[in-house]
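First to last, the sequence lines map onto chains A and B.
Quick note on numbering: my numbering labels position 331 of the first sequence as 331, and the sequence is numbered without any gaps.
Quick note on numbering: my numbering labels position 74 of the second sequence as 74, and the sequence is numbered without any gaps.
Simulated from the structure, these hints should not be mistaken for lab results.
So the derived label-pair ranges between C-beta atoms look like this:
hint, chain 1, residue 1, chain 2, residue 2, range
1, B, S281, A, E180, 51 to 61 Å
2, B, G384, A, E180, 51 to 61 Å
3, B, G73, A, L397, 30 to 40 Å
4, B, P99, A, D320, 54 to 64 Å
5, A, L368, B, Y395, 16 to 26 Å
6, A, Q319, B, R68, 30 to 40 Å
Glycine included, C-beta positions come from ideal geometry on N, C-alpha and C.
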Amino acid sequence: MPERADQTSKAEGGRQKAAGAWPAAFRLLLSAFCLLLSGLSAAAEAPGRKAGPRPALWVDNDTASIPEPARKFDTLHYDFFYATFGQAPRSFVGRLGAKQPAWNVNAWEEMPDSSWYTNRHHLHPMTVEQVARGANQHAGPDLSGRLTILEGKTAGTSLGFGRARDSAKNVYFIKFDSAEYPELTTASEVIADRFFHALGFNAPQEWIIYVRPEQIEIGPEAKIWDKNGRQRQMTRADVEEVLKGSARAPDGRYRAVASLLLPGRIKGSFRFHGTRLDDPNDLIPHQHRRELRGLRLLSAWLNHYDIRPGNTMDTYVEQDSRKFLRHYLLDFGSALGSASYFPKTARMGFSYVWDTREMGKPFLTLGLYQPRWRENPAPVKFPSVGRFESEMFTPHLWKPVLPLVAFDYMDNADAFWAAKLVMSFTEEQVRAAVREGQLSDRQAEEYLVRTLLERQRKAGWYGFSVSAPLDGFRLGKTVGGGQALTFDDLALKCGFAGPAGTYYVYTFSRLGQAGYLGRPRSFRGHSISLDELMKWAGPALDPKAVFTLAIAARRAEPEFEERWVKVYLAREAGEFRLLGWERD
Amino acid sequence: MGAPVPRVAAAVIALLLAASALVAQPDPIPSTLSERVIDVEAAQHAKKIEHSFRPWQAPLLPFLVFGRVMEKGFIAVDRNHLLEKAQYYMAEHDRGFKPLFGGLGIGTGFALGVEYYRNDFLRRGGRIGIPLRASTLLYQDYGVDLSLPADSSQRVSLDANAHYRVRSQDDFFGLGNGSRAGDRTSYMLQSRQFSFGPRFELTRRLHFNARFGYNSTSVFDGKDARFPVITARFARSQVPGLRNGARLWAGEVSLVHDTRDVPGRPRSGGYHRLEAGWRQSGDSNDFGFWRYRVEAERYLPLGSRNRVLALRFLGITNQARGGSAVPFFEQVILGGSSTLRGFREFRFYDTSGVMMSAEYRYNLNAYADMVLFVDQGQVARQPGDFSWSGLRTGYGGGLRFLNQSGTPFKILLGRSNEGTRIYFSLGGTF
Numbered sequence: 001m002p003e004r005a006d007q008t009s010k011a012e013g014g015r016q017k018a019a020g021a022w023p024a025a026f027r028l029l030l031s032a033f034c035l036l037l038s039g040l041s042a043a044a045e046a047p048g049r050k051a052g053p054r055p056a057l058w059v060d061n062d063t064a065s066i067p068e069p070a071r072k073f074d075t076l077h078y079d080f081f082y083a084t085f086g087q088a089p090r091s092f093v094g095r096l097g098a099k100q101p102a103w104n105v106n107a108w109e110e111m112p113d114s115s116w117y118t119n120r121h122h123l124h125p126m127t128v129e130q131v132a133r134g135a136n137q138h139a140g141p142d143l144s145g146r147l148t149i150l151e152g153k154t155a156g157t158s159l160g161f162g163r164a165r166d167s168a169k170n171v172y173f174i175k176f177d178s179a180e181y182p183e184l185t186t187a188s189e190v191i192a193d194r195f196f197h198a199l200g201f202n203a204p205q206e207w208i209i210y211v212r213p214e215q216i217e218i219g220p221e222a223k224i225w226d227k228n229g230r231q232r233q234m235t236r237a238d239v240e241e242v243l244k245g246s247a248r249a250p251d252g253r254y255r256a257v258a259s260l261l262l263p264g265r266i267k268g269s270f271r272f273h274g275t276r277l278d279d280p281n282d283l284i285p286h287q288h289r290r291e292l293r294g295l296r297l298l299s300a301w302l303n304h305y306d307i308r309p310g311n312t313m314d315t316y317v318e319q320d321s322r323k324f325l326r327h328y329l330l331d332f333g334s335a336l337g338s339a340s341y342f343p344k345t346a347r348m349g350f351s352y353v354w355d356t357r358e359m360g361k362p363f364l365t366l367g368l369y370q371p372r373w374r375e376n377p378a379p380v381k382f383p384s385v386g387r388f389e390s391e392m393f394t395p396h397l398w399k400p401v402l403p404l405v406a407f408d409y410m411d412n413a414d415a416f417w418a419a420k421l422v423m424s425f426t427e428e429q430v431r432a433a434v435r436e437g438q439l440s441d442r443q444a445e446e447y448l449v450r451t452l453l454e455r456q457r458k459a460g461w462y463g464f465s466v467s468a469p470l471d472g473f474r475l476g477k478t479v480g481g482g483q484a485l486t487f488d489d490l491a492l493k494c495g496f497a498g499p500a501g502t503y504y505v506y507t508f509s510r511l512g513q514a515g516y517l518g519r520p521r522s523f524r525g526h527s528i529s530l531d532e533l534m535k536w537a538g539p540a541l542d543p544k545a546v547f548t549l550a551i552a553a554r555r556a557e558p559e560f561e562e563r564w565v566k567v568y569l570a571r572e573a574g575e576f577r578l579l580g581w582e583r584d
Numbered sequence: 001m002g003a004p005v006p007r008v009a010a011a012v013i014a015l016l017l018a019a020s021a022l023v024a025q026p027d028p029i030p031s032t033l034s035e036r037v038i039d040v041e042a043a044q045h046a047k048k049i050e051h052s053f054r055p056w057q058a059p060l061l062p063f064l065v066f067g068r069v070m071e072k073g074f075i076a077v078d079r080n081h082l083l084e085k086a087q088y089y090m091a092e093h094d095r096g097f098k099p100l101f102g103g104l105g106i107g108t109g110f111a112l113g114v115e116y117y118r119n120d121f122l123r124r125g126g127r128i129g130i131p132l133r134a135s136t137l138l139y140q141d142y143g144v145d146l147s148l149p150a151d152s153s154q155r156v157s158l159d160a161n162a163h164y165r166v167r168s169q170d171d172f173f174g175l176g177n178g179s180r181a182g183d184r185t186s187y188m189l190q191s192r193q194f195s196f197g198p199r200f201e202l203t204r205r206l207h208f209n210a211r212f213g214y215n216s217t218s219v220f221d222g223k224d225a226r227f228p229v230i231t232a233r234f235a236r237s238q239v240p241g242l243r244n245g246a247r248l249w250a251g252e253v254s255l256v257h258d259t260r261d262v263p264g265r266p267r268s269g270g271y272h273r274l275e276a277g278w279r280q281s282g283d284s285n286d287f288g289f290w291r292y293r294v295e296a297e298r299y300l301p302l303g304s305r306n307r308v309l310a311l312r313f314l315g316i317t318n319q320a321r322g323g324s325a326v327p328f329f330e331q332v333i334l335g336g337s338s339t340l341r342g343f344r345e346f347r348f349y350d351t352s353g354v355m356m357s358a359e360y361r362y363n364l365n366a367y368a369d370m371v372l373f374v375d376q377g378q379v380a381r382q383p384g385d386f387s388w389s390g391l392r393t394g395y396g397g398g399l400r401f402l403n404q405s406g407t408p409f410k411i412l413l414g415r416s417n418e419g420t421r422i423y424f425s426l427g428g429t430f
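Generate coordinates for the entire structure from the input sequences, incorporating the hints supplied.
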């Protein structure tokens, strides 16, 4: 084993050499180019984080009171042009500069709770019932009486009403299934909503409801933008028009998804790059938020193709007498196999609306190359599931409707974090979330579960293979009573690698100093005796220094490359204290 | 007094600095911010940089301004539902006006117009349209189009139309395959035309049409000041119809067989048309001829619907009757974006013509096809005069932009021995 350890250090040295191989002048020129073109140079963006452990925080206090921001408006058409022709080149140029890890990561490679994200299932395992309940805090709309429409639907492509009030005076957005594809939109919406809530995002409360046409009444103030672009008073004919195109259950009722109006005042959507000027709490450029970078892999798993600024929302909320913006994900009707009221087309999930790279390959090969998804698109096996498959699914090649800067910035550590979240769901929990879609066809439900589980494994494998899948470092005691550092190998835990062919190597060094204390060593098992480490490292240990223990796994499976995680330890009063860890 | 250049530069720099100061507004920083996972001061500094305009960004200023204008514009369009409104006014309803864009051919300038239409006119399925079009180069087209189904299944209908057209500056290079590109001249046509006839839908894919009509055409010197007028280079006696135009009675029958999967953007199937026509002077001019036209298009998928070989053949001959002549504007005209790409519009005139195209189309995405093409064609007095050596060849490639049902827009680059030409055209399968 020492031979392999030597090879490791050589490989490390080789990597460092390669990183410094670009002439300084060229790097300078490149930086200047980035500075000019992106307007957001790496130097200007960097918050100046020093090497070493990150802050040991579980709450990022971005919920301080702020003056009420103005409402922002956005449009799909502008999003398309800006993302495709403006932001994508800028993102490309921006990424030419120094790679930056996500900013909002704490000492344990996790994210503190914030107005964007709350650690839920993967850190605080939820029960099957909690996953199935999602964000819902009550039983759903009270349909004992009338459902009063307050506003016709003004945006989006699906069938429904903008706002409607139930008998309990709660206000909901109502969305129906199309007559051609019953259950498709509503099931996708609710299932994805449950997952995104459990994953930690702010998601709306949603229920599947069944309404009789006679229950629907039109409020006196209800206005509608008709298909001719004119705003007018809503009439019964408009309701009939919506219902005419909607799927109807055999008992005559209409199935819909009711999405509870978000708390607070609507302030428009958030973007996947930069910060919001009128939100002083918003200091982390969105492309450097881990939850938005990692959302790429999470969206890939759930095939949430329509993730874009228009399907997000900032609301100005009051909590504990503080007023601030909370950030939501919305509108999951285009997740899984659905593209709103029809199944996804073959392209969705594989190509942006306008995808220069995807167009470039057939262009350069005179059409001889055509991607597999275009030549042999996956079939729509069940109308209520739409086009949803796992065979062609390749997590890192998955694409949403538009290029999003934060997605482009996803690095290996972000992918690992997202994979951890994805793999935290058991089959039972996946089934529970899918059951919330209330699919009437058992075979369709089973297909959806199976496909989700297959995609889950692909997404998990990807995240665990691009980064060291070693996590959950903690200090404990050895049998002899000494200090030990224990960890989990998630690749083993999830069955991606076998224990027989796996062993680990580590190096030990003082933070900020070159060279190792002692020679790199290898071991089996998931625990390192720190007492032995002290003896082995020798007298060089400074009693107050911070040390770096770098660990990597070596496996028989060639797909898993050797990747390192650095664990920071402080020596205090003769004992080690865990300061955190960081992935290379 | 300083030189103007430094003064302008100083003014620009001052303007940029002023703009920079205006844009770079400091953020209000909440006093209650407590512990954050980031270095708050550094992040606030980065945010200030992000939201401020710096002088070194001056080269980007036009893009920033353009981006802001686009953003505001798109939001205004969406919030006011202007696209839906435009769609409403461009779509057909029971009756009303709709805008017309283009439709006067390549090289006619930017054409705009309006059409009054009425659907279910006189009977169910009937339609009357009154289009009025004019272009920036003063091409004009005003008319009435009427279509009335004869039976309830709408398989037989009677079509009629009457138009007044002005083509202000079409090109003429001389008659024959050997005409020279350097002999480009300009002429103007003014025509009054009406026709009517039945249309039979024999099967879903097979149609039979018959037309009878009258066409009065006058010829004038063209309005294109860049080139000589037609009469300055060609004698009236050499070019039939140049002296007095032509007043022609016309009749024709045609049989159309269309098996294309999606006619506007076909990937398989074919289009075949056989036409026989007759023209006879309605005044003292001696014009009388038969016209025969054969047209065939085939679309062959090459192992995939994403790769298609499109083939086209077009053959037309006008056979003068008893020593009569064929007015030059009624002859076969080749050249341009729809017939012989790589050559100018209206490049070749003669009484007979043949043209072949082979086009390889491959799909780039749902909205665009790439195209590589070769066109060959020639004109001659008689079909017997056609020869392999007389074929004129153009080749090139480009992009076809697609929507669900058609090809609304094409950009093609064509090359021939007479140079390279770019074609922007609306609609059309080739």
